[in-house]
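With the hints as constraints, model all of the structure from the sequences given.
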Amino acid sequence: MKPIIIQTEKLSKSFSNKGTIQHVLKNIDLELYQGDFTIIMGASGAGKSTLLYALSGMDTPTLGTIHFQNHCISDYSADELAVFRRKHCGFVFQQIYLMDSMSIMDNVLMAGLLVTKDRKALMKKAESLFEAVGIDEATQAKFPTQISGGEAQRVGIVRALINHPQILFADEPTGALNSKTGTEVLDTLSEFHRQGQSIVMVTHDIQSALRGNRILYLKDGIVLGECQLKDYEESGRRREQLTAFLNDMGW
Amino acid sequence: MLAASNIRKRKKQTIVIITLIIAAACMMNIWLILAGDYKNNFDTQHDRLHSEHVTMAISSNDSKMREFLDTALKEDPDISEYRMDDGLLTFGTFQYNGGSISTNLMFMDEKTAFSRSIGKSELIEKKQGVEGIYLPILYANDEKLKLGNDFEVIIGDQVLTFPIAGYTNHIMNGSHNCMVMILALDSELYQDIKDKQLPESTFVSVRLHDKQAGEIVETRISELFSEQYPNLQMISGSYQLVSSSRYISQMIAAAILSAMAFIVLLIVMIVIIANVITDIQENMKKLGILKAIGYQSRQIILAYMFQMMLLSVLSSAFGALLTYSLFPSVNEMMISQTGIPYHMRFLPLPFLITIAFITSIVVIAVYLSVHRIKRYEAIRALRQGIPIHNFRKNHVPLSNSRMPLLPCLSLKTATVQAKQNIIVCITTVMLTLVSAFTAVMLKNVILDITPMIDMVAGETADSSISIDTETEAELKDYFQQDPRVEKSYLFHSGSLRHVNGVSLVVTITDGFNDLNNQMVCVEGRLPRYKNETAVAIKYAKDQGIKIGDEITFSTDGKEASYIVSGYSQIANNLGKDCFLTRQGYERMGKLAEASYYLNLKPGTDIDAFNEDVRNTFHEHVKASVNIDTVIDATSGVYVALMSFIVVAIVLLGSLIVLLVLYLLVRTLLNQKQYEYGIMKALGFTTGQLVLQTALSFMPVVICSCVIGLIINSYLINPLASLFLSNVGIVKCMFEIPVGLIIVFGVGLIIFTFVIICIMSLRIKRITPKALLSGE
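First to last, the sequence lines map onto chains E and Z.
Following the working numbering, the numbering of the first sequence begins with 1 at its first residue and continues without gaps.
Following the working numbering, the numbering of the second sequence begins with 1 at its first residue and continues without gaps.
Rather than coming from a laboratory, the hints here were simulated on the basis of the structure.
Hints may be right or wrong, so weigh each one.
[Stated by the list, open to error] So, partial list: chain Z residues that the calculated Cβ filter (under 7 Å) puts toward chain E:
(1) L398
(2) S399
(3) V416
(4) A418
(5) G683
Predicted model only: the values in this text are computed from it and were never measured.
Virtual Cβ for every residue (Gly too), placed ideally from N, Cα, C.
Right under this line is the structure:
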């Protein structure tokens, strides 16, 4: 049995707009395990991103609890959540969100220096991560507006991993990329997963979802079903398995 | 449309601009009123009361003397009319404003005073049923000098008491800073004091064809008179001297207000430029659409300018109108110095000038910032125009820096926010000027008035005793034997004429090394020998007199030449004075009486000491003055005025800081909202981002503050000299309180830091979720 990283109990999230209350997440009980590459799928408006924000401490639930290991993060203040995120989580965004006013290297170091003051060790870690994602030294000195979308997203992954997060959250990381660069990014994520990194990724794309080993399907704010995919080596069967699961879910 | 959307979208920024315009308009209008109508009020009142251009108070009513004077005045081609009246000229001391005033007094029968065809006293207020003395209106603000109270005046060794029957307005002699002050008395009381051996005297009122000739005629008549009657005392005043001396405070206040108004206007300009440029950058796409559908740059520019012009006209009109609710308190403060009532009314000219000037400044600022619209073609604008920052240089690489993360990130922000830095720099430098001014005024006026008094009065001591020269030697012996006397020295003032020039106040002393205030000499040295003189720097500069030149003075009908050994400076004499040794003065004339200044041992009762001197030497004592109380009385006005100005400037300065920082922080946060969202998502706390924002302002605030304070510490005296040159202070020598200025500088930096932190608290509203969901 894999250790649990995140556990939710009756997790609910509602939005109120001009007197109308919209329940986006409804009493979700969920466990996320260490080492998993969890994929969250569902139709638009199913609550995928809302769930991701809640799990990652970007947003607070309306009701219910979220435990990260032994800590109940749903009770945390905004600043406590910020500290939690910097220490335990990494984020890869669909819009990448690099800071245009900083060089590539600084974008990464900025996140790293929040956690450690050991600049040397941090630089070493950044360089090894850059090497792992194929970003050379010349590119590291550039600014985000001077590199391609694929490169930018790989920088985003480096930034997300610089603090050795226990879990990496990715919100449609290939959504803004073309298919070739999207594949490169997914390869990078798969590689890190293979090295033991826990990942939770929201996606619409079956090709992206196939990189995971656990699929959660959300519909109308509840986890309608989940499936464990076979190992990477059996990629052909994984696709069939996923397609069947999604068909069952009404995809 | 664009401009309207700018105003709608940037409501708070617009409110800030409006507030600054209102403040600038208010100050500018007050300044214009003070410098124009308020100053002209002297002329208006002067004309209305048919006042004198030259006055002479003579310590005699001898008929031959009057005949001589009558002939001289009749024959003078510059004089249009004149009259002579009876009066009682004396030197007296009375309590005022918590201290005492010592001045020349001319008592006049009320019937004469209120009915003279030239220079009559105007009755402002009268207490029915009280027959007594009529004081100038400026004393009405003293609680102890209210109508019906007793007015006590010490003359020689006598104390005279009169009930206060009313207040008067006399233009040329209605204040203690007019050489001689006229006091109207009930006829019976006048007769009473006449019998108490007060010298029967003559008051001469002269009107000229051209008032500008006042000083020349005054000098000419004085010269003629002193040649004929060297032993008679004549105290004269001219239109120029009195109009300047009664409006010193008004001139200082006007100069400070004008400077402040221009500072605020400069800030308004900068803020408008920054605001419009930011708006254009943010609305680039909208601009592209407008251009794409056929709007011309000119139309868009005009729309912006019209909108801001309208805003400026309305705000400045409001600010100028606001003046009229603030002016009564300014007037109240000024009247204690001028002593001439001023009736507030709407003045269209300053009102229109204020609106026109401020609107022009605003239009120029808008044009300077908006003309760049011409450069953007439609397609370029649609593609979001130009990048806001130049990212090609990484000024503070995190990999190489040894600083902690937050200062590093702050420095990064600071290095790319050029506009922000310029605005902060200009604002901070302006505020350092305010800080330096405040510190200097605190040190030299408010906390300790001595430096200001030294500059205004030239010399201060504890007591001054005037005695006839026959008894002088005995008095000196008395001082030597009295253990209460620490130091006594001759310090006598009189008047003489610079041949081919005007009448000057001369200060005579035996040893200039004895003076308490050696700073009275601002260049060269005070005279040591009988053929040397030191001349007022303002007069010397005006006349082109250099150190080493030889100039000729005359008095008592004799002339003598002196070498100029240095320049002196005393504001009281409005820059028309000189210094001579006693031997030097006696080359022309003998002193009839001599005034001695005394430093008494600490704890000595000065009044008791003066009384002892009066009791010892009786009628030989011409005047005894407790200088400490005189300083208290006269300095009160300066301290109150300066305190008011300092408080106003500090409040205004703080308001400007608040408004400018508010604008900058808001603009910065708008620009940084996206980045701060990312940073929050990555784990930055609100506190860290607030700190980072505040720190990003600090390098430029600290540098500008240090540079500004150093520069302004050197500039403050030349600037003050510029403002005070009209009153004879050409070389201001206020002590620069370095410690206080450093404290102010540190205070300014801390204040700025705290304010930015408070204003940045809206970062709390930036959430990572809002960024992700595209809010």
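Tested hints:
For L398 (chain Z), the shortest C-beta to C-beta distance to chain E is roughly 4 Å, which falls under 7 Å, so the interface hint holds. Against a cut-off of 7 Å between C-beta atoms, the interface hint on S399 (chain Z) holds, since the closest Cβ of chain E lies about 6 Å away. Because the smallest distance between the Cβ of V416 (chain Z) and any Cβ of chain E comes to about 6 Å, under 7 Å, the interface hint for this residue holds. The closest approach between the C-beta of A418 (chain Z) and any C-beta of chain E is roughly 13 Å, which is over the 7 Å cut-off, so the hint fails.
Look at G683 (chain Z): its Cβ gets to within about 2 Å of chain E, closer than 7 Å, so that hint holds up.
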